[in-house]
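Chains G and Z are the protein sequences, given in the same order. Numbering of the first sequence is given in the numbering used here, commencing with residue 416 and proceeding in unit increments. Numbering of the second sequence is given in the numbering used here, commencing with residue 108 and proceeding in unit increments.
Source of the hints: derived by calculation from the structure; they are not laboratory data. Since we're looking at a predicted model, the values are computed, not measured. Just so it is clear, CB atoms sit at the ideal spot from N, CA and C, and this is done for glycine as well. Among the hints, a few may not be true.
Stated by the list, open to error - Taking lysine-lysine pairs in the DSS-like style, the calculated list, with each CA pair at most 30 Å apart, reads:
hint: 1; chain 1: Z; residue 1: 180; chain 2: Z; residue 2: 116
hint: 2; chain 1: Z; residue 1: 116; chain 2: Z; residue 2: 164
hint: 3; chain 1: Z; residue 1: 116; chain 2: Z; residue 2: 211
hint: 4; chain 1: G; residue 1: 426; chain 2: Z; residue 2: 116
hint: 5; chain 1: G; residue 1: 472; chain 2: Z; residue 2: 172
hint: 6; chain 1: G; residue 1: 426; chain 2: G; residue 2: 472
hint: 7; chain 1: Z; residue 1: 211; chain 2: G; residue 2: 429
hint: 8; chain 1: Z; residue 1: 211; chain 2: G; residue 2: 472
hint: 9; chain 1: Z; residue 1: 116; chain 2: G; residue 2: 472
hint: 10; chain 1: Z; residue 1: 211; chain 2: G; residue 2: 426
hint: 11; chain 1: Z; residue 1: 164; chain 2: Z; residue 2: 180
Claimed, not checked - Now the stretches of chain Z that chain G is said to cover, found in silico as 3 or more residues with beta-carbon under 8 Å:
hint: 12; segment: 151-165
hint: 13; segment: 206-218
Claimed, not checked - Taking CB as the label site, the calculated pair distances span:
hint: 14; chain 1: G; residue 1: 470; chain 2: Z; residue 2: 211; range: 25 to 33 Å
hint: 15; chain 1: Z; residue 1: 148; chain 2: G; residue 2: 467; range: 31 to 39 Å
hint: 16; chain 1: G; residue 1: 435; chain 2: Z; residue 2: 123; range: 25 to 33 Å
hint: 17; chain 1: G; residue 1: 500; chain 2: Z; residue 2: 149; range: 25 to 33 Å
hint: 18; chain 1: Z; residue 1: 158; chain 2: G; residue 2: 422; range: 32 to 40 Å
hint: 19; chain 1: Z; residue 1: 121; chain 2: G; residue 2: 473; range: 34 to 42 Å
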Amino acid sequence: DTGVSQNPRHKITKRGQNVTFRCDPISEHNRLYWYRQTLGQGPEFLTYFQNEAQLEKSRLLSDRFSAERPKGSFSTLEIQRTEQGDSAMYLCASSLGRINTEAFFGQGTRLTVV
Amino acid sequence: AQRVTQPEKLLSVFKGAPVELKCNYSYSGSPELFWYVQYSRQRLQLLLRHISRESIKGFTADLNKGETSFHLKKPFAQEEDSAMYYCALSPSSTGANSKLTFGKGITLSVRP
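Looking at chain Z on its own, in the form it has when it is part of the complex:
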């Protein structure tokens, strides 16, 4: 069975500070990892996925298979980054089954 762990519930930083949102997973196969974000009063939306290797809104995440981690990082936080962030896992890297297993989420609060 797959599991996603986000060990912290809240991260509060000042604008311009670095951010790291932690995510660890357990899965016996080759998963696909995602970060989803939910801004206030908006729907859940995809932020980035490990397979794309992109930087979205200044955020990056590297899949570390040895540590089974997929931490989300941003060097300089902005106030508009304040939101709920969820790490998620899909059981197949081919995307043939997009069923997602989510972590509990973390609230990021960026203070001015």
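For reference, chain G alone in the conformation it holds in the complex:
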């Protein structure tokens, strides 16, 4: 599968612990996005990168959340001091970032905070 890859697929953590997710985009894609999806809702935008630069962050991204894309390839999303409300599916997508380009999604990381 040469699509967007996310790891781990599932993560169960205790409240207060830190978690980190990884996203490997399609290799030639320079744009990378993170979304969060809770039950009964559509995906909600969190942040996006153009190469290694983080260009926009949603207000949903509290100071407990941090995302990086250090070499403009893979990205990590870290949540510090997890809360039960952080339980969700975290989706990564990538695109070429040119005119009329499609965003391709990964299969997501499902986080459960207990």
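Given chain G's structure and the hints, the job is docking chain Z onto it.
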């Protein structure tokens, strides 16, 4: 701010029946509209986009700027169309910013 509204959560039809999945949006500029589909245990994938004016798997969607709608239609539903469908909006028709705003989605169930 942009918003996408999908007023129904579930649509259940018999095979061969017509399907219309509703989507309304609010955005002050010129948006690009999409329909994404998620089949069971698969990742979210693009079904179609208004700018392409294509018919994909028999589905079509027309952007109506006057009614700010982008309804998805298919004249004869098939069982394999059963899935979750999301309408989404991107703020720029040039695609320079592909950040998407999604609706809540609708489950389409096609019965034999």
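Do the hints match the structure? See the list:
no. : hint                      : in the structure
1   : 180/Z x 116/Z             : holds, 16 Å
2   : 116/Z x 164/Z             : holds, 22 Å
3   : 116/Z x 211/Z             : holds, 8 Å
4   : 426/G x 116/Z             : holds, 28 Å
5   : 472/G x 172/Z             : holds, 29 Å
6   : 426/G x 472/G             : holds, 23 Å
7   : 211/Z x 429/G             : holds, 28 Å
8   : 211/Z x 472/G             : holds, 21 Å
9   : 116/Z x 472/G             : holds, 29 Å
10  : 211/Z x 426/G             : holds, 24 Å
11  : 164/Z x 180/Z             : holds, 11 Å
12  : 151-165                   : holds (count 5)
13  : 206-218                   : holds (count 7)
14  : 470/G x 211/Z: 25 to 33 Å : holds, 26 Å
15  : 148/Z x 467/G: 31 to 39 Å : holds, 33 Å
16  : 435/G x 123/Z: 25 to 33 Å : violated, 48 Å
17  : 500/G x 149/Z: 25 to 33 Å : holds, 27 Å
18  : 158/Z x 422/G: 32 to 40 Å : holds, 33 Å
19  : 121/Z x 473/G: 34 to 42 Å : holds, 41 Å
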